[in-house]
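Protein chains in written order, with UniProt numbering: chain A, 1 to 168; chain B, 1 to 168; chain C, 1 to 168; chain D, 1 to 168; chain E, 1 to 168; chain F, 1 to 168.
Since the hints were made in silico from the structure, they are not lab data.
Here a beta-carbon is modelled for each residue, glycine too, at the ideal position from N, C-alpha and C.
Treat the hints with care, since some could be wrong.
Incomplete in silico selection of chain C near chain B, CB under 10 angstroms [stated by the list, open to error]:
id, residue
1, S41
2, D43
3, T49
4, G51
5, A110
6, S165
7, D168
Straight line, CA to CA, 20 angstroms or less: simulated DMTMM-like cross-link-like pairs of lysine to aspartate or glutamate [stated by the list, open to error]:
id, chain 1, residue 1, chain 2, residue 2
8, A, K133, B, E166
9, F, K2, E, E154
10, E, K2, F, E150
11, D, K2, C, E150
12, F, K133, F, D156
13, B, K115, C, E166
14, D, K115, A, D168
15, C, K2, D, E26
16, F, K115, F, E22
17, C, K115, C, E27
18, E, K115, B, E166
19, A, K115, F, D168
20, C, K115, E, D168
21, B, K115, C, D168
22, C, K2, D, E62
23, F, K2, E, E150
24, B, K2, A, E154
25, D, K115, A, E150
26, C, K2, D, E150
27, E, K2, F, E154
28, B, K2, A, E62
29, A, K2, B, E166
30, F, K115, D, D168
31, D, K115, D, D29
Number of protein chains: 6
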Amino acid sequence: MKRGFYIGRFQPYHNGHQAVLEGIAEEVDEIIIGVGSAQLSHDMQNPFTAGERVLMITRALEEIGCPFYVIPIEDLRRNALWVAHVTSMTPPFDICYTSNPLVIQLFREASISIKSPPMYLRETLSGTAIRQKMLLGEEWEQCVPPAVVEVILEIDGVSRLRTISETD
Amino acid sequence: MKRGFYIGRFQPYHNGHQAVLEGIAEEVDEIIIGVGSAQLSHDMQNPFTAGERVLMITRALEEIGCPFYVIPIEDLRRNALWVAHVTSMTPPFDICYTSNPLVIQLFREASISIKSPPMYLRETLSGTAIRQKMLLGEEWEQCVPPAVVEVILEIDGVSRLRTISETD
Amino acid sequence: MKRGFYIGRFQPYHNGHQAVLEGIAEEVDEIIIGVGSAQLSHDMQNPFTAGERVLMITRALEEIGCPFYVIPIEDLRRNALWVAHVTSMTPPFDICYTSNPLVIQLFREASISIKSPPMYLRETLSGTAIRQKMLLGEEWEQCVPPAVVEVILEIDGVSRLRTISETD
Amino acid sequence: MKRGFYIGRFQPYHNGHQAVLEGIAEEVDEIIIGVGSAQLSHDMQNPFTAGERVLMITRALEEIGCPFYVIPIEDLRRNALWVAHVTSMTPPFDICYTSNPLVIQLFREASISIKSPPMYLRETLSGTAIRQKMLLGEEWEQCVPPAVVEVILEIDGVSRLRTISETD
Amino acid sequence: MKRGFYIGRFQPYHNGHQAVLEGIAEEVDEIIIGVGSAQLSHDMQNPFTAGERVLMITRALEEIGCPFYVIPIEDLRRNALWVAHVTSMTPPFDICYTSNPLVIQLFREASISIKSPPMYLRETLSGTAIRQKMLLGEEWEQCVPPAVVEVILEIDGVSRLRTISETD
Amino acid sequence: MKRGFYIGRFQPYHNGHQAVLEGIAEEVDEIIIGVGSAQLSHDMQNPFTAGERVLMITRALEEIGCPFYVIPIEDLRRNALWVAHVTSMTPPFDICYTSNPLVIQLFREASISIKSPPMYLRETLSGTAIRQKMLLGEEWEQCVPPAVVEVILEIDGVSRLRTISETD
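Please construct the entire structure, taking both the sequences and the accompanying hints into account.
Here it is, written out as structure tokens:
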């Protein structure tokens, strides 16, 4: 049994995440997906709640053919404790898939294996770029799995993002 | 689509929980299981980490035939905010299954539907009773699903509980 | 201008508090009332929210004839910082009216004047005793100012207390 | 009985706030004023403590002819819980007066009525502009009610702001 | 270079602690003393502040002939993160001296060496027993190093303990 | 007995700090060194843990000839409570040595004596400048005491800083 861990903020979950996870699914027996900054929502960088993000991810991965766990992870704001925090909230895992330099350094100091997955169309497929499209009224739907479009429509997510982007 | 929410501390997850969830599985389309007091572990009432409990529950429910989410929920120590906390961490749900009077009151004030599931062998099947058996060296394995026995053995959980129960 | 500070949990605000405040009103120009443990509600010792307690106190003091402030004070769980916490949340005051030994010690170490007001019918007039009457269905209404009865009826407070007192 | 809620940081309370509250006073029976970011003080954007701000507001509203509550509200840094936090700290209210897009979105999702009051001389009457005048030694006194001038002089507030604005 | 870690609440620091540390001093090159529950003070179990306890310990160890560090450690209330918290606040160490079962279990799971030092007159030399003597007006001075007597007299510690032990 | 307090983040501890402390050592009987933002580490402005910084300082001051305490101080994010927080974590002191305007203002409001020590080669000797040298591969070793070079090499600190400075 080999378990891999992958963490992101998923604001929103998009095709780049999906591509990475499809790659991981071929290397491990089970995937643990950490939903980072779980306590944040309703702000410009973090419009969606942890629960909404759990829903997006679970829906999008229904056909991935590899068992997975989706776990909200609240920020701790104490880097030296972060690995212990993550491992206390998740089933045990053997490898962490990440390209984030801080996550790499923290797991390295904890002697946990790390692998940097290839990025998929990084420039256009990023949460920042997709939220920008939503704000400008551009096409964002083709950047995320169809199940994510459904969730965002259901919660009226684009309208939420636009309202909180206004200035008073 | 109807989603039901069920919360417990699951220290450990046992056959009583399993029976309740099998009942709920027949009434809803998806189940959300909240793992309460997620931040607690390694104490007499809460020996297991949230991640270990997520693992127990997921393993035990593999055959339940109803999609489910397992979500760690950290305590907030502010009852008036607890429903908002829970709903921010979970996909939207239609009904809360609980027999806990405080949970009933808090969801009632938030106008969320509540249903109290029948308890299954409450006196013998409780976390407290099972942890007591573990401490006394009595048979506890028949009180929990086989998958939970495996998880507890793998993490050497009984030994952990016994060590922290000693006095210095 | 002389301001006096008085703190309690006011679960609920009762005739004993009212009698003490009527006494203080004759000694100072303005009264600051701190609503302690403001973050607690919906538990057996703290059934009412800070906002509900602010409402009870304000209504009951309408005719006291002395300007007053009602300020929720969240617990800090760090005694050495508590006086600084209180004074940051309140207008400046000259004297603290209290009979609580910890509050006396903390203000004394901060060189703030203290006066212990006479207690009024302490045995029968206490939050504990009144909550007990509510649970047992005994007459509690004569223990609190009429305005407090109204607030508790309006929020269905007795029913809330009874529900959370049940065992599951 | 109709209660209206109005929130701000009030760093400091100024004539723009006063004008808005005078307008609200004609539409409701009671006003609840939330003093936001109550835990902040002694920084460039938040020089005054919650208690000092409570004092400014209370003094300035003495003649408003409408009962009011002034309630410090500490930041929660969790937007999804913020409405529950506010409502737990305040008496119940029917309408929220605000022009802040995030507050609008959060109350809207909680199905609470919102009304955006007309702004009064927004460009010159803002906390930022007034703090800038204090730093530059310009006339700021005519931007705030006379009672606020008195409070700021009493606590030597301009000197505090200037000291913390220095670089070491 | 071998460093040993020893943790306690030291309410107050007494001859039993001193005897243990004198033993450790012969086994390591440097000692790290963690002052646990550093955030607590002014309560019946924790009358002294972290700073007062740092002073007691430093004074009492002046002649121990082994370099030492005295580090306040605030409680985290999350056992799974506690070892990471401790190691982030202290210089690196090779061995933990403790008889506390929870500390043993947590360091064991982190693969850090543990050694249980012999206890010295445990029944009479305990913080609980010494605080009890202080309350009852019995002789407590011979239970602690002379330097600790001085610190407690200087801060009027016995009077503080007695005041907070009163009932209102 | 006169004690002086000096606080910094010490990221890392450098020759400027050393020069200031050598000056203070001639004016007081004991020095208390507060290690600020103790909870931060592994970020660009705060690469080192509190424990690593305690080690740097203690090593570097071995020959200073004045007793000293090194105390980690976690941030409180509430300026009005900060002085009470500091004084609860440290032995009592008579004077605070600081050039930080906020620290000056907070201690001044608490009526504690302040003295601004002369800065030593401020432009080149700053944590920011030294961290920049580490990132660029320039000579940083001559900016810190030899004992600090040893600690940073031992923990592979430069490599840590470089890794977390990368972009993903």
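Now for the hints, and whether the structure bears them out:
At about 5 angstroms, the closest approach between the beta carbon of C/S41 and any beta carbon in chain B falls short of 10 angstroms, and the interface hint on this residue holds. The beta carbon of C/D43 comes within 6 angstroms of a beta carbon in chain B, closer than 10 angstroms, and the hint placing it at the interface holds. Given the 10 angstroms rule on beta carbons, the hint for C/T49 holds: about 5 angstroms separates it from the nearest Cβ of chain B. For C/G51, the interface hint holds, since its Cβ comes within 10 angstroms of a Cβ in chain B; the closest pair sits about 9 angstroms apart.
Because the beta carbon of C/A110 sits about 27 angstroms from the nearest beta carbon in chain B, more than 10 angstroms, this interface hint is broken. Look at C/S165: its Cβ gets to within about 7 angstroms of chain B, closer than 10 angstroms, so that hint holds up. For C/D168, the interface hint holds, the least distance from its beta-carbon to any beta-carbon of chain B being 4 angstroms, beneath 10 angstroms. Distance restraint check for A/K133 and B/E166: the Cα-Cα separation of roughly 59 angstroms exceeds the 20 angstroms cut-off, and the hinted pair is therefore not satisfied.
Annotation: proposed proximity of F/K2 to E/E154 holds, straight-line Cα distance about 15 angstroms (limit 20 angstroms). With a C-alpha separation of about 16 angstroms, the suggested pairing of E/K2 with F/E150 holds against the 20 angstroms cut-off. Straight-line distance between C-alpha atoms of D/K2 and C/E150 comes to about 16 angstroms, which keeps the hinted pair within the 20 angstroms bound. Between F/K133 and F/D156 the alpha-carbon distance is near 15 angstroms, which keeps this suggested pair within the 20 angstroms criterion.
Between B/K115 and C/E166 the CA atoms are separated by roughly 16 angstroms; this keeps the pair inside 20 angstroms, and the hint holds. At roughly 13 angstroms between alpha-carbon atoms, D/K115 and A/D168 fall within 20 angstroms of each other, so this suggested pair holds. Only pairs whose Cα atoms come within 20 angstroms are accepted, and C/K2 paired with D/E26 is rejected, the gap being roughly 33 angstroms. Among the hinted pairs, F/K115 with F/E22 is consistent with the structure: their alpha-carbon atoms are about 15 angstroms apart, no more than 20 angstroms.
Note on C/K115 and C/E27: the hinted pairing holds, with a Cα-Cα distance of about 11 angstroms set against a maximum of 20 angstroms. In summary, the hint linking E/K115 to B/E166 is supported, as the alpha carbons are separated by about 16 angstroms, within the 20 angstroms threshold. Restraint check for A/K115 and F/D168: the C-alpha separation of about 13 angstroms stays at or below 20 angstroms, so the hint holds. Straight-line distance between C-alpha atoms of C/K115 and E/D168 comes to about 13 angstroms, which keeps the hinted pair within the 20 angstroms bound.
Under the criterion of a C-alpha separation no larger than 20 angstroms, the hint pairing B/K115 with C/D168 is consistent with the structure, at around 13 angstroms. For a cut-off of 20 angstroms, the pair hint linking C/K2 to D/E62 stands: about 18 angstroms separates their Cα positions. With a CA separation close to 16 angstroms, the supplied pair F/K2 and E/E150 stays within the 20 angstroms bound. For the hint linking B/K2 to A/E154, the alpha-carbon distance of about 14 angstroms falls within 20 angstroms, and the restraint holds.
Note on D/K115 and A/E150: the hinted pairing is violated, with a Cα-Cα distance of about 31 angstroms set against a maximum of 20 angstroms. Between the alpha carbons of C/K2 and D/E150 the distance comes to roughly 16 angstroms, so the proposed pair stays at or under 20 angstroms and holds. Using a Cα cut-off of 20 angstroms, the hinted pair E/K2 and F/E154 holds, with the two alpha carbons roughly 14 angstroms apart. Taking the CA atoms of B/K2 and A/E62, the gap is near 18 angstroms; set against the 20 angstroms cutoff, the hint holds.
Taking the CA atoms of A/K2 and B/E166, the gap is near 35 angstroms; set against the 20 angstroms cutoff, the hint is violated. For the given pair, F/K115 sits about 13 angstroms from D/D168 by alpha-carbon distance, which is consistent with the 20 angstroms threshold. A hinted pair counts as satisfied when its Cα atoms are at most 20 angstroms apart, and D/K115 with D/D29 qualifies at roughly 16 angstroms.
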